[in-house]
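Given chain A, work out where chain B should sit, using these hints.
Chains as they are written, first to last, in the numbering used here: chain A, 9 to 157; chain B, 572 to 1336.
These are calculated hints, taken from the structure and not from any lab test. All clues given are correct.
One-sided excerpt, in silico: chain B residues whose CB lies under 7 Å from chain A:
no., residue
1, Leu590
2, Ile592
3, Ala593
4, Thr594
5, Pro597
6, Glu778
7, Gly827
8, Arg859
9, Glu1233
10, Val1237
11, Arg1269
Calculated pairs, BS3-like style, for lysine-lysine (alpha carbon to alpha carbon, straight line, at most 27 Å):
no., chain 1, residue 1, chain 2, residue 2
12, B, Lys596, A, Lys77
13, A, Lys118, B, Lys596
14, A, Lys151, B, Lys596
15, B, Lys596, A, Lys61
Far from chain B, some chain A residues (derived; all Cβ distances over 12 Å):
no., residue
16, Asp59
17, Ile68
18, Arg72
19, Lys76
Ideal Cβ positions, reconstructed from N, Cα and C, are used throughout, including at glycine.
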Amino acid sequence: MQIELTVNDKLVTWDVENDEFLADTLRAHGFLSVKKACDTSCCGLCTVWMDGKPILSCSILAMRAHGKKITTIEGVSQAAEEFARILTAEGAEQCGFCSPGFIMNVLAMKNELDNPTEDEIIHYLTGNLCRCTGYMGQLRAVKTYLGVA
Amino acid sequence: MEAVNLRNVGHSIPKIDGLSIATGKPAYTEDLAMPHALVLKILRSPHAFAKIISIDTSKAERVEGVECILTYKDVPKVRFTLAGQSYPEPSPYDRMILEGVVRYVGDEVAIIAAVDEKTALKAMKLINVEYEVLEPVLDFEKAIGHPSVVHFEEDLTCNFDIGLHKEQNIVSSHEQAVGDVEKVLKDCEFVVEDVYYPQAQAHAMMETYRSFTYQDYMGRLVVVSSTQVPFHIKRQLARALQIPATKIRVIKPRIGGGFGGKQTGAGDVFAALVTLRTGKPAMIIYDRQETFSCTTSRHAMRIKVRLGADADGFIRAIDLEVLSDTGAYGEHASTVLSCVGEYTLPLYNKTKAVRIRGNAVYTNKMPAGAFRGYGATQGTFALESAVNKLAERLAIDPTEVRLKNISQKGETFLTGHGVQLGSTALDRCIKKGREMIGWKEKFPRQTLSGTKVRGVGMAITMQGSGIANIGTASAEIRLTDDGNFALLIGATDMGTGCDTILSQIAAEVLEVPLDKIYVSAGDTDTSPFDPGSYASSTTYLAGTAVLKAAEELKGKILDQGAKFLGASKENVIFEELSVRRIDGEGEISLAKIAEQTILGMGNLQLAAMATHGSQISPPPYVAGFAEVEVDVETGKVDLIDYVAVVDCGTMINPNLARIQAEGGIVQGIGMALFEEVRYSNLGKMETNTFMQYKIPCRQDVGNVRIAFEESYEPSGPFGAKSIGEVVANTPPPAIVNAVYNAVGVQVHHLPVTAEKVFLEMLKQQ
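Isolated chain A (complex conformation):
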């Protein structure tokens, strides 16, 4: 079927299969920042925004994006880079494979929560798995970024 949606502020019309997931559609159209790693909606790597809210793009059918606004990290490059600089200053990106999805969720959290506590930060980001860093460096980076250190 054909869907119309806005991706990173650009209106697009895409042909998608009925059983196609949004993450695959986005990758097929060159948004290679979108990663998949679990097949069970557990890892958070495929996080993008739908109408400004973080979603798991591997678990949402592409057709459900019809009429919606999708944002990938490519669409928020300035804010993403600002946080990525802090993250890499901690060394907390390591393999980097989980970073785009993680960053999308961090930016969403910044929009959503005012002065979150450490517990609130951890709660908000729990759906983003990372096997390299042990999470501590990411937490330091997030606190620095939010100015709640």
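For chain B alone, coordinates are given in the frame of chain A:
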């Protein structure tokens, strides 16, 4: 070279690739694949052990869009190993690309290549396979002498005598003994004996295994692979596919984590075979289930420990008896087995006799392989649990027992072939760690309420830095035509940051800013040989190779600069990117030297190449301390605080060292508390998604605090040792010990679950 007044080494420089990968730039295998590459799917065995009677692929082949379907009839009849180890590999050549026998649930039966995933999956369902199901060997403690023989084939070979007795399902036997353990134990005042079962653990790196292959304009096979070992993959493919190594190029792009998993080949050989058969690009991506159930895990083990100490608390004898489950194929079986002793016995050095003996056995389960820690993790769990038990028997504080017994600088080891310990700060690590955790106030337990008890526990560990006399690394540095430097390395950054660290070392020696250097790495066509990033090798071995190459190149630049300035080499210095005469009578910039040597009539591109191997493998150390809270009504264990104090020699990049440590500790916490690769009684893996196999998430790990106590390793670059693996080892014994100190329950089978703790507590009542 002393680590003082350094501009690059010792500084927390962000990774040179960090910003790019963090913001999602295309850099990983799948990102680089050609859009029309064939998609591969693998039909896998539903049986733990079976012979294939017949395979009918005719219906599947008729599906539109299917390019080819390959079975055991279509592959070279040659056995090889997927273990990424230096040639000659000590792992048996016990597998074929596809075979008429399947040895575990998930073993490969057929390769389907099609235009897209849907077509490949549709075709897969139409393949008809008839099996003769055999009785599998599932319990590794019953493998030796089991009526079923996992590898009954005649053509299985091994490059070394590793004690292989395939008719008994023994892939490797190992014994190392110094002194008379039985006699020394008999003379000991205190003897502790116990059995521990470190479990199989999944690597669970975020990027699953994947490989993209194509033939280039010369007809050569190009393999873009998410691997830690590009040169080993190249050699493996040459043997498995029976084609000359000159026809193969392996490229390692950015990779999304490895942890040793990607030291063993996975899908490369299937994609490569399809490309060779069809001439077309091919892509294989293991899904998460395949990654969990059709690759490798940590070796599950049973380790019996006997420890003897005299009345003064000196450990006089250590005896380890190991049984290791290597699964269906013997990748890394013999070396992981021997490393159980290699990286534990030298911890304590008041010993008069030590021994390790044991077997690695074949079973009909997924193969075990390399995993961060590589036997040391399992050995540390057993030995350190026993040392904690000994401390209790001796009525000496566990930290004091360690301080009394650990090895000191300059000492040799019973098992160490006379090599002296060049550096250790382990004593400082222990003292600092116990201070940070509040050991004196908290040991052994604090009762918070009627239902909550907190306990503290500790453990120490060591690893190596590279493999002595086997591991090597090469590096080349060129002065480029624009006055910059190209650093060519075969080391494989898997997120660890070695491209950055090695650049820092080069920049330090060459006395240039880091941005004057660019790195070209992980391409078997252009990189100098490096076995790859494993065995905690890269900083220590590749780092020294880079250091040597940089020193040589710097000498050449000074020579050349002096020549241009009409001075002798002794009368020039290098500063501010120029060669200057000491007398101030002239200078020439690096850019000008490059221009005049490389371009025009210079006819001399300055470059230097160095290879480094080490006769020793100096140990890094960690002292780990855990504080847990146990709910006495449910047995639930919460980790409150974990302190690890690390001696990795000089830190080349403190932030990257810290992240390595934090990540390793959390992987160890996962092994201690959550993770377990489990099989059904038919041999099917039950933990093949993140729904069943739990890795720690942000809420599970409490507070992890890392501190460093630097030593200076004379044989390492700027005094550095390794850090990659040693950090994974302390959590299992330290956490198990903390739980014991809290509620008196000694867990022998990892992981420590609420059920195990609760049931044991019930028994005690």
